[in-house]
Every structure is written in C-alpha cells, then in structure tokens.
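As you go down the protein sequences, you meet chains A and B in turn. Sequential numbering of the first sequence, starting at 950, is according to the working numbering. Sequential numbering of the second sequence, starting at 950, is according to the working numbering.
Simulated from the structure, these hints should not be mistaken for lab results. Each hint should be verified, as a subset may be incorrect.
When chains are identical, the list treats them as one kind, so a pair holds in a single copy or across two.
[Stated by the list, open to error] Simulated crosslink set (DSSO-like; lysine-lysine; CA at most 30 Å straight-line):
#1 Lys1172 / Lys1196
#2 Lys1080 / Lys1279
#3 Lys1172 / Lys1189
The chain contents come next:
There are 2 protein chains.
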Amino acid sequence: MQATRRKFLTSSRNSILAIALITVLAETTTSMAQTDPLPSWSDTAPKAAIISFVDRVTRQGSPDFVPSPDRIAVFDNDGTLWVEHPMYTQLAFALDRVKTLAPQHPDWQEKQPFKAVLDGDLKALAASGEKGLLELIMVTHAGMTTADFQKVVTDWLSTARDPRFKRPYTELVYQPMVELLTYLRANGFKTFIVSGGGVEFMRPWAEQVYGVPPEQVVGSSIKTEFRMEDDTPTLYRLPKVNFIDDKAGKPVGINEAIGRRPIAAFGNSDGDLEMLQWTTMAGAPARLGMLVHHTDAEREYAYDRNTDFGRLDKALDAAAITGWTVIDMKADWKQVFKQ
Amino acid sequence: MQATRRKFLTSSRNSILAIALITVLAETTTSMAQTDPLPSWSDTAPKAAIISFVDRVTRQGSPDFVPSPDRIAVFDNDGTLWVEHPMYTQLAFALDRVKTLAPQHPDWQEKQPFKAVLDGDLKALAASGEKGLLELIMVTHAGMTTADFQKVVTDWLSTARDPRFKRPYTELVYQPMVELLTYLRANGFKTFIVSGGGVEFMRPWAEQVYGVPPEQVVGSSIKTEFRMEDDTPTLYRLPKVNFIDDKAGKPVGINEAIGRRPIAAFGNSDGDLEMLQWTTMAGAPARLGMLVHHTDAEREYAYDRNTDFGRLDKALDAAAITGWTVIDMKADWKQVFKQ
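Could you build the full structure based on these sequences and the hints that come with them?
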C-alpha cells in the first residue's frame, strides 16, 4: 500500500513536473516569437513608435494605461491594408461585373457609363463623373439579396488577378500591417476596419485575410430591405446610398458602429484625416495616429499630393502639426507583401 | 550543492503541487457554479429549451455544432431585458428632460406637445401623435455633442426612479435574462442588444448592467455630424432621424452592424417578429427563438394583444407556427428582478 501510494505520488509529481515544463516551454516559445512581433518592419522610427505606444497603454501602472476593452484600433483599408492603385479593387470588381452582366443588357453597348466600361475607355468613364460611377456601383452592387452579393464577391475574388502583380487581390495586403493587426490583438486591442469601401464587399474575406470578423468591419453601404419571399426571409440590396464612410463620415461611422473612441488610427490619405483627428485629438496623452506614405514605386507605388485618388495632402500637413507618424513605405518596410 | 539542489527541487515540486491543487479547486468551483447556470428560471420548458440548444450548438461532434465566432445571440431590450411599462424608460427620460429644459423655453407653456408634458397630461400628449413624440425626442436628444448626451443620460439614470417599484431603472432588469446573457457568453456566444430604443441611450450603461459592450449595442439613431471646434473634434447630434431599429428594421440593423446572421434571438413584442424570423428561418436546424410573455401583473405587468405598446399579437401567433418558445413570466421565472 505504502509503496503503491509513494509510486503514485512520485508518478503524479512527475506528471505535474512534465506539465509544468510544457507550460514553461510553451511560454518560452511565445516569448521568443514575441521578441520581434513586427519582423517586416525596419528598425526605424515608426516601429519604435508602435512598440512604445503599446507598452505605455498596456503596462499596469503606466500613467497611460488603458484597460483592454477601451483599446480600440481602427484601420482604413484601401491603401492602408492593401493596394489601391491603379484603381480601387472594388472598382475593378464593378468593371468586371458590368462585362459579365452586359449580355443581359444590350442597351449598354451605346449607353454611358456602360459603353466606356465595355470599350475599356477609362477616360470616357472618368468623364461620366461621380454620377456615372454611382450608376455603375448601383447596377453592379444592388438588385440582389445580401447572400447572393456575398457569393458574387467571393467568386470574383477567387479568380480575379491584379494586372501588375498577377496575384489575387487578397494576397496584395501589406505584410507589415497584417503583423501590426496581430500584434495589437495579442496586446488586448480590438481591431476594426473603417473604410470608404463597401462594407459587404470587405466582410466576406476580412476575417480570413486580416483576422477581422464581420462585426468589426465598418464601411460604406447601400440600403437593404427585409422581405419575406415564400416563407423565406431575405435582405434585398436596393440601389440607394445608405452611408458613405469617408472623410468626416469616418468618425460618424466609428461612433455608430463602435460607440467608443479609438486610441489608435491608421490611414493613408485625406479620406482618413477626420478619423485620425477624432482618434488622437482627445485631450489624453496616449493616442497613436499613423499614415502609410506610398513612396515605393519599385515594390508598390509612389504617390501623395498629386494623384486622382488616395491623395495624401492635407493629412500629410496635419501629421507634422499633430504629431502623427508617417510610414515611409520604402524605408520603413523590409517587405511589402506576403511572400 | 547537491542538498541545496534537492531542496530546491522538492520545494519547487511542492509549489507546483500547490499550484496544481489551486487549479483543481478553481475548476471544481467553476463547475459547481455551472451546475445551475440559470438559477432564477423554473424547471420548465423554456429553461430546458435553452440548455438543450446550447448543448447542441457547442458540443464537438454534435450535428448542430456551430463554431464559436458564429454563435451570435441578439436581444431586444425594452420588455425583454428590462421593464417597458407603464412607459418606455427613454420616454420617461424625454419627459423629465422637457421639464428640466422648460425654463429656457417659456413658449413651451402654451405650445404642444410640450404643454402636455408640463401639465402632466398624457392624454393630450398621446393626441399629439407620432409627430408630437418625434418633436419631443428631437428637442431632448439632439442639439448637443455625443459626449454631452452621454453625460445627460448617465446623470438622469443615477437619480430617476421607477414610479411603481421606487428603484433606479437600471435595477429593473430581468434577473433570468441577465443569467441567460452570462450563460451564453460562458458558452462562446457573442451577445448583442438589438433594440428600437436609442443606441446612445443604452450604451452608457449596457456594459455594466448586461455585460454588453458599446460595440455590441444596436439601436435606433439620429444623425450626427463631425465638427472641428477650436481644434477640438466633436460629434454633434442633429435633430434628424438616421435609423429606426424596429420591426423590419431589425434584420437590416443586424446586417449593418453585425454582418452575420444570429443563431438565437430573444424578444417580447411584434417589434421583434422580423428579427426572430431572420434568425430562425434560415434553413438550418439549430436556431433558437424566444418571446418573453408578460403574464405577471403581481410581480411585473400582464399584457399582450391589447396594449398601446409592446404589443405581442402577430408574433405570438407566429411563435406557435414557427416553433419559438414563449416564456410565461409568471410560471417560468422564479425571480423577476435582481434582489
């Protein structure tokens, strides 16, 4: 009895020891992985700013400590998390969709802005102005249920390729920003996308690509209507603008969808100016505002003040005054895309 | 050396043993607390339906298993989580607010619907109809920043008392429903409020009272506008309706704010009909729809088909056809309010 009991105790102690060792090993592995949470970032000022900010808001006893539920970080999408040139991916989707739908609309052959799309005449398309673009968006994004639209988007993304990089658009996301999203979440942040792009265009893939679930994606939207059809409830997409989540709309969208003021905001253009103002000019010390500056024509694109879209002009001036960190893509990112 | 090392190992083994024991004890305590996760519910059909549903969607290998991120549960607020009679709490807030603001508006003494409020003449108020009510809401809810409105709501709730129960409104929440929210979250659900009430009226207290953070509160809203005032960014509340999160608006609000289809929905009135349809009529087996039926005039209120608001009529008929569980407050709840 005594021997059995001793053996049991020893073996039980050994098991506990083994478990303890495994725990220690697991923790060591985690801490090793955490020695450089941002391996695609150069050891320059932006990386240091991120790490210092995260330390200040997460360290117990730090004067800038922020409790985890209030660690809200918001990210623009086009040009901040993935490529936006030579045209927004969602516009490429709309143009392809016009071509797909054209056989059912013979009148489009002679009707603008559809004719311009079918002729591949981007100049004529631009001449159709905002009104023309809106018409394109409505024809390609409305007139179906939300479930059908989700399928159309997913199907398109699985076959469409970026013309320059010959890769699926969802692979043209910035590796340093994906690491940043992961790093913030590992430090108790809740990460949200706040984009001028369509919310239902981003939700089908944002979780897989960015680790951001649908309920944390905020974007522009068209109106939807609840319909009971043959005892089946559906949400039908109407050709009416509901909300434009851009410029001064971004703080509005953040307040509507999140209801808390973020403590960190990441953008790349004047469309993000008000979001960064709302996030950082809050009277409290620890706020982080960052702008991705496209300076790398070789690996990606170079543009700022003089571009048709994704313009970084007023926000670049504001950065110098307000103390936002500007990320120089060429100098600050070791790697641009996932490999 | 050898002795020291052995002593270290022994002491370290003892510490590990102690930690292991503490862990086991902690787990036992948790599991004991979990033996009845819904102590305020009677052992009747609704409690059994909840527990069976949670088991089916959370048990690995169950044909109805749902991965944790898709375990979305939506709750109406007024009449489902807290008392809505004899008037919505938000209306009581608006009426009190009119009285507070009246000295700054001498014309209200003779102008409807304000005169009715100041005279305490609810009949005249009702006669002012939807237009009158909307005017009241706008005057009391708009014309200030979101931060100021949050303070007004919080201050009011800290002093206002329900006329019958003489308790703060935030204490008149249903204890069985609070237990249900906690139970679902402990089982990997994300719980959302989806209410016809104002989203900014609920957010200041929903986290403390229900454990539901601001970003998981969906409700009706008025338009807000971003303004830079003396280098201070603010969101200003405008006297314009933005979204009514009621009836067919509820599935629309769910889609906009959550972007996933819920698997469980809880309501109490015809205003929740479409939300329950959208949640449960999805072609999949494991969906839970429940309606709180106010049957307890003694402990709370009794009303259903014949009431001015919070009417449960069409949804009660639909429950019988669609298989939703109706909670008989009197029979199914051991306790109504927190004690």
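Checked hints:
1. Lys1172 / Lys1196: both (20 Å within a copy, 16 Å between copies)
2. Lys1080 / Lys1279: neither (36 Å within a copy, 58 Å between copies)
3. Lys1172 / Lys1189: Both: 6 Å inside a copy, 17 Å across copies.
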